[in-house]
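K.L.:
Sequence:
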Amino acid sequence: EDITPRLLEELLAEPENLTAIWRGAKRFEQTWRPVPLPPIAAPAFKTDGHYLITGGYGGIGLTIAADLMRTHNANVVLISRDGLPPRETWDRYLHSHSPANHTALRIRSVMALEDIGTGRVLPLAADVCNSSQMRAAVTKAEAAFGPLTGVIHGAGQINDGPILAKTETQIAEVFAPKISGLRVLDDLFPDGTLDLMVLFSSSSTATRPAGQIDYVAANEYLNAWAKHRKGGKTRVVAVDWGVWSDTGM
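Adding 6 to a residue's 1-based position in the sequence shown gives its number in my numbering.
One or more hints might be untrue.
Derived pair list, reagent style SDA-like, types lysine to any residue, alpha-carbon separation capped at 20 Å [as the list claims (entries may be wrong)]:
1) Lys239 / Asp201
2) Lys52 / Asn79
3) Lys236 / Thr175
Cβ pair distances, simulated, as ranges [claimed, not checked]:
4) Thr109 / Gly198: 23 to 31 Å
5) Leu24 / Arg126: 43 to 51 Å
6) Ala106 / Ala142: 24 to 32 Å
7) Pro42 / Arg241: 33 to 41 Å
8) Arg241 / Trp38: 50 to 58 Å
9) Leu14 / Ala47: 46 to 54 Å
10) Val243 / Glu35: 23 to 31 Å
11) Pro45 / Lys233: 31 to 39 Å
The hints are simulated quantities; they were obtained by calculation from the structure and are not laboratory data. Keep in mind the model is a prediction, meaning the values are calculated, not measured. Virtual Cβ for every residue (Gly too), placed ideally from N, Cα, C.
Please build the complete structure, drawing on both the sequences and the hints.
P.N.:
In structure tokens, the structure reads:
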């Protein structure tokens, strides 16, 4: 069948930000509509569970950590590349650095989580893209709190800009935490190792804003991976977050 007329029709049409497919002689466009969530037989998060959060110092990661501790008495491990100085130096560090200092903000965030009074929190240094560092972090986490119940993959980076202005290095930096990081997590936690894995994707995969071609692609990888893992022993969910009020990117 000659598809040349269809291709010409697509190429010459008014530009639109949508996804379309041809099935035989029919053309379909993807749209969105609200769908009620099915009833859940049991809560997704377990009481007294142990959860590891990558990108744990982002606004959303910290918010989720606090909610898990308050609501489910969870023990939470926060993963970041830089880590924090030794705990016994925290007071001295806070007194000798500006409140706006990057590390000081993180120390105060951990202290605020500890003040919740339920569950415990463990900050660890590891690059989610580095398999050996992540394996060592998981070993420390499980030595502290026992086997992991779930992983929340919240690490991410965004770099808005026109596609022609992006370098391969800049694109790789956006891909790394979501794509390479998920590959590491997939290797560390085969199906059935965890009860739950939550991938923090983005509504940008639906709205496709200008300047985010690499960010959209990275998040679509999370969505596709979650679909691929559907029906496995580990429940895998990708959440396409929109813009949060007062926190997050």
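K.L.:
Indicate, hint by hint, whether the structure satisfies it.
P.N.:
How the hints compare with the structure:
no.	hint	in the structure
1	Lys239 / Asp201	holds, 8 Å
2	Lys52 / Asn79	holds, 9 Å
3	Lys236 / Thr175	violated, 32 Å
4	Thr109 / Gly198: 23 to 31 Å	violated, 37 Å
5	Leu24 / Arg126: 43 to 51 Å	holds, 47 Å
6	Ala106 / Ala142: 24 to 32 Å	holds, 31 Å
7	Pro42 / Arg241: 33 to 41 Å	violated, 19 Å
8	Arg241 / Trp38: 50 to 58 Å	violated, 24 Å
9	Leu14 / Ala47: 46 to 54 Å	holds, 51 Å
10	Val243 / Glu35: 23 to 31 Å	holds, 26 Å
11	Pro45 / Lys233: 31 to 39 Å	violated, 21 Å
The structure does not agree with the numbered hints 3, 4, 7, 8 and 11 stated previously, though it agrees with the rest.
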